[in-house]
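Chains as they are written, first to last, in the UniProt record's numbering: chain Y, 1 to 346; chain E, 1 to 292; chain P, 1 to 235.
Fair warning: there could be bad hints in the mix.
Claimed, not checked - With a cut-off of at most 20 Å between alpha-carbon atoms, the simulated PhoX-like pairs for lysine-lysine come out as follows: (1) P:77 - Y:205; (2) Y:138 - E:280; (3) P:20 - P:212; (4) Y:205 - P:129; (5) P:212 - P:226; (6) P:129 - P:91; (7) Y:324 - P:20; (8) Y:233 - P:77; (9) P:227 - P:212; (10) Y:205 - P:94.
FYI, nobody ran anything at the bench for these hints, they're computed from the structure.
What follows is each chain in one-letter form.
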Amino acid sequence: MRSEEKLGDIPAKSGDRQMTDKGQSLRGLGSLLKRRNLKDLLAVVVPVVIFSLAPHFYSNEILLISIMIYVALAEGVNIIYGFTGYLPFGYVGFYGVGAYATSLAILDFNLPPEVSIIVGGAISALVALVLMPLLRLKGSYFAIATLAAAEALYAIIGNPSLKSITQGPYGINIGSVYSSGGSYVVAVVLLGLSILTVIAVKRSKLGLALRAIKNDPVSASLSGVNVVVERTKAWLISAAIAGLAGGVFAWTITIFYPSAVFDISISVFAIVFALFGGVGTTMGPVIGAVVLYGLYSYVGVTQPQYFQLIFGAIIVVFVLFVPKGIVGLLGTAINRLGSLGQRQRG
Amino acid sequence: MLFEYAVVAGVLFGLFYAFLSIGLNLVFGVQRIVNLAHGDVIMIGGFASWELYYTYHISPLLSVVLVIPPTVLAGFIIYRLIDGPLSRAQDPEMLSLILFFGVSQILEALVTIFLGNNQRSIPDSSLVHGPVHFLGQSYPGVWWIVAGASIPMVGLVILYLYRTKLGTATRAIMADPIEAAAVGIDVRKVSAITFGVGLAITASVGAIAPFMIGGVDPSEGVNLTILAFAVIVIGSLGNIGGTVVGGLIFGVAFELAQLYLPSWSSLIPYVLLLAVLLFKPSGVLGKRVRSA
Amino acid sequence: MTLTNVLEVDGVVKSFGGFKALNGVSLKVSQGEIVGLVGPNGCGKTTLVNVVSGIYSCDGGSVRLGGKDVTHLPAHKRVLFGVNRTFQVPKPFKDMTVQENVELAWNFGGRHGSLRDSVLGTTGLEDLKDRVTSTLNTAQQKRLDLARALATNPQVLFVDELGAGLNPSELSDLAEMLRGISKLNVALIVVEHLMGFLEALTTRVVVLEAGKEIFEGNIKDAIRDKKVVEVFLGG
Chain Y
1 MRSEEKLGDI PAKSGDRQMT DKGQSLRGLG SLLKRRNLKD LLAVVVPVVI
51 FSLAPHFYSN EILLISIMIY VALAEGVNII YGFTGYLPFG YVGFYGVGAY
101 ATSLAILDFN LPPEVSIIVG GAISALVALV LMPLLRLKGS YFAIATLAAA
151 EALYAIIGNP SLKSITQGPY GINIGSVYSS GGSYVVAVVL LGLSILTVIA
201 VKRSKLGLAL RAIKNDPVSA SLSGVNVVVE RTKAWLISAA IAGLAGGVFA
251 WTITIFYPSA VFDISISVFA IVFALFGGVG TTMGPVIGAV VLYGLYSYVG
301 VTQPQYFQLI FGAIIVVFVL FVPKGIVGLL GTAINRLGSL GQRQRG
Chain E
1 MLFEYAVVAG VLFGLFYAFL SIGLNLVFGV QRIVNLAHGD VIMIGGFASW
51 ELYYTYHISP LLSVVLVIPP TVLAGFIIYR LIDGPLSRAQ DPEMLSLILF
101 FGVSQILEAL VTIFLGNNQR SIPDSSLVHG PVHFLGQSYP GVWWIVAGAS
151 IPMVGLVILY LYRTKLGTAT RAIMADPIEA AAVGIDVRKV SAITFGVGLA
201 ITASVGAIAP FMIGGVDPSE GVNLTILAFA VIVIGSLGNI GGTVVGGLIF
251 GVAFELAQLY LPSWSSLIPY VLLLAVLLFK PSGVLGKRVR SA
Chain P
1 MTLTNVLEVD GVVKSFGGFK ALNGVSLKVS QGEIVGLVGP NGCGKTTLVN
51 VVSGIYSCDG GSVRLGGKDV THLPAHKRVL FGVNRTFQVP KPFKDMTVQE
101 NVELAWNFGG RHGSLRDSVL GTTGLEDLKD RVTSTLNTAQ QKRLDLARAL
151 ATNPQVLFVD ELGAGLNPSE LSDLAEMLRG ISKLNVALIV VEHLMGFLEA
201 LTTRVVVLEA GKEIFEGNIK DAIRDKKVVE VFLGG
């Protein structure tokens, strides 16, 4: 009898509550959404504006472009690692493929550089599609397998036997299309696009699914999520970004060897920048790339080993103690300050 | 005749590869630690051997043994440091991978800072004079010496695992850490020792690796790590005996590729690793590595 | 009224290494029915749930949902054919809010379903919907598992030891909740050790022992059945 009564009056009660709850939560949701929209808008606009204006104040455009390329790469790592927990050591493979595909589109098909860069991104995504079976592996095997895949791509593209197609180890020269203004604009577009992509993924159904998979793949599949397909989407997006970044690099630098675009330290940089800034956040990789690459170019180019030491230490320390990166750290600090302020006011 | 040469060379290198990879497999077998600094430990063993040879005129063959005690100790301490965070982690395997990736960067940087980034080599004459003739072919003498040293070293690891009390405890932990703890094995201590032994055997192979890979330099770590992974994945992860099979398959495949497709032979480690992971993920003697 | 079988498990075999966890188990469940699944630890109950929900593939036999053979479909596709389950140790998405957990399941697994807005009320989680899941206690996480499963609009729902650790009054609330769910035309297969709980709830029980079915029928008869008594007293 008791339980029937209970069953009888629960709906009425919760109905009442729902009315007030809905009002409150709708208003709350509204302001939350607005705040989120503003935050996301700023996350794209601020870096784009800063980098658009930067050449007026700072003349080293190559450095600025490099920073933008690394922001894109770190955001690309963010999409696959931050959202799925799959660490792509071989991420540089897509960068190298993008650089080569872009250059060959220019040399062999006379496509304009801007179009060629898009071709570079597309070809990288295509390579990622071929490598899709790697996503069936457990995380740690995936990391090593992608590294092997990147080395294999390097060994193929830089192979002397393919001299007639890729110039093999002798490098690429697209000096005929050099345009410092043009490549700068494209780099700014790449920067904005990469940040926008992270925001879009975060807000989409895909983002929700990826978070679920990272939390618990079994429960995700029991919610109807096709784990492999959703991971693949993140993988392809991430690869395309690296391909575009490689294309922008190729157009900026115009003469390069395969060893320059398949250098494992490019993966390392992108991963460290993302980890340092905070994976899974929108701004983390931007902050990580700007701060660390800025620092690197200031003191690191002549003595890279000291930077390697610092990067190694960052990986160890951040993975163990600051898993949410600088942005996470700032967030906690701001929250604490906020609650401190409230307490004082109250 | 060239075919026979490649097969013999492949077997010699295969034994060396087994020695080169067995430590990685041992460390992985216990507590699932993915040691991405494996290649860097080999590199450090190489520099130690170089230093001992040029400063104290100690034969690299002796260094193979000399580097073991300090590395066991270092490994034991490192394990104690990382054991806590690893056991608390949601995915310890992945955490160990990133962690040791950082360690690998640190080691490479430190060696570069203190020793410079030039390649160094130890003359073959420190081990043996002249080539060795076998079945009508002539081979560099060091290949035979290194392969000859690899057999007892790998044998010792296997003996340690199957004939000592500590080894039996190690295998129990490899099979099931919880069960092992239940029968009274000090899992933490045995794991730390095994980690130390795994690193030591790796530094040990480093002492003679310069003869097989043309020298020692700070940046060689990554490629050696991938190579070792290819070998243990072929032989199957966590299976120590499988490492020997993996090393031999890898060695012979690589030499044959150098013979018939010389410009593509550098692809062999990567292609073999990818192929085994994708098509026979359990290796020769099987464990599951797929998740979906 | 004719009852249609929403779930037909036929002679399912599953072994791990040499050990046969399921050795030819069959089970038929009709629309909206509540069936108890009992047996000593290690008898294969949870393995059966895993095989039917597609977490494990089976080595023999077949699984049909609403007449459709799903034996070779992966878990995420089976969900769309109307099977779901909860876990003995709950497995919600810990970094998400309660609402997001349900939203995800509805979005991917139950878009044709009408349960989206009511599941939190049904499972008593309405007040907790904005909480991050990791802050919930185990009993609440188990109910969230149930809510997540319900959001996919299942025809067949396995409930794995939801009652463990609850006090009598909580148990009677739980029984009420499950009865309410079955009234939504969801067939429930309740895996449970608590016989009293099952007696109040189910029309029929299936008893497993060592990967085989040893009894099927009314729970009152089960308690009197020689084999069943032997298994329970002996194990």
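Here's how the hints hold up against the structure:
1. P:77 - Y:205: Holds, at about 18 Å.
2. Y:138 - E:280: holds (14 Å)
3. P:20 - P:212: holds (10 Å)
4. Y:205 - P:129: Between residue 205 of chain Y and residue 129 of chain P the Cα gap is close to 19 Å, so the pair holds against 20 Å.
5. P:212 - P:226: holds (16 Å)
6. P:129 - P:91: Holds, because 17 Å separates the two Cα atoms, which is no more than 20 Å.
7. Y:324 - P:20: Given pair residue 324 of chain Y, residue 20 of chain P is violated - Cα atoms ~45 Å apart, limit 20 Å.
8. Y:233 - P:77: Measuring from Cα to Cα gives roughly 18 Å; hence the hint holds.
9. P:227 - P:212: holds (12 Å)
10. Y:205 - P:94: Distance of about 18 Å is within 20 Å: holds.
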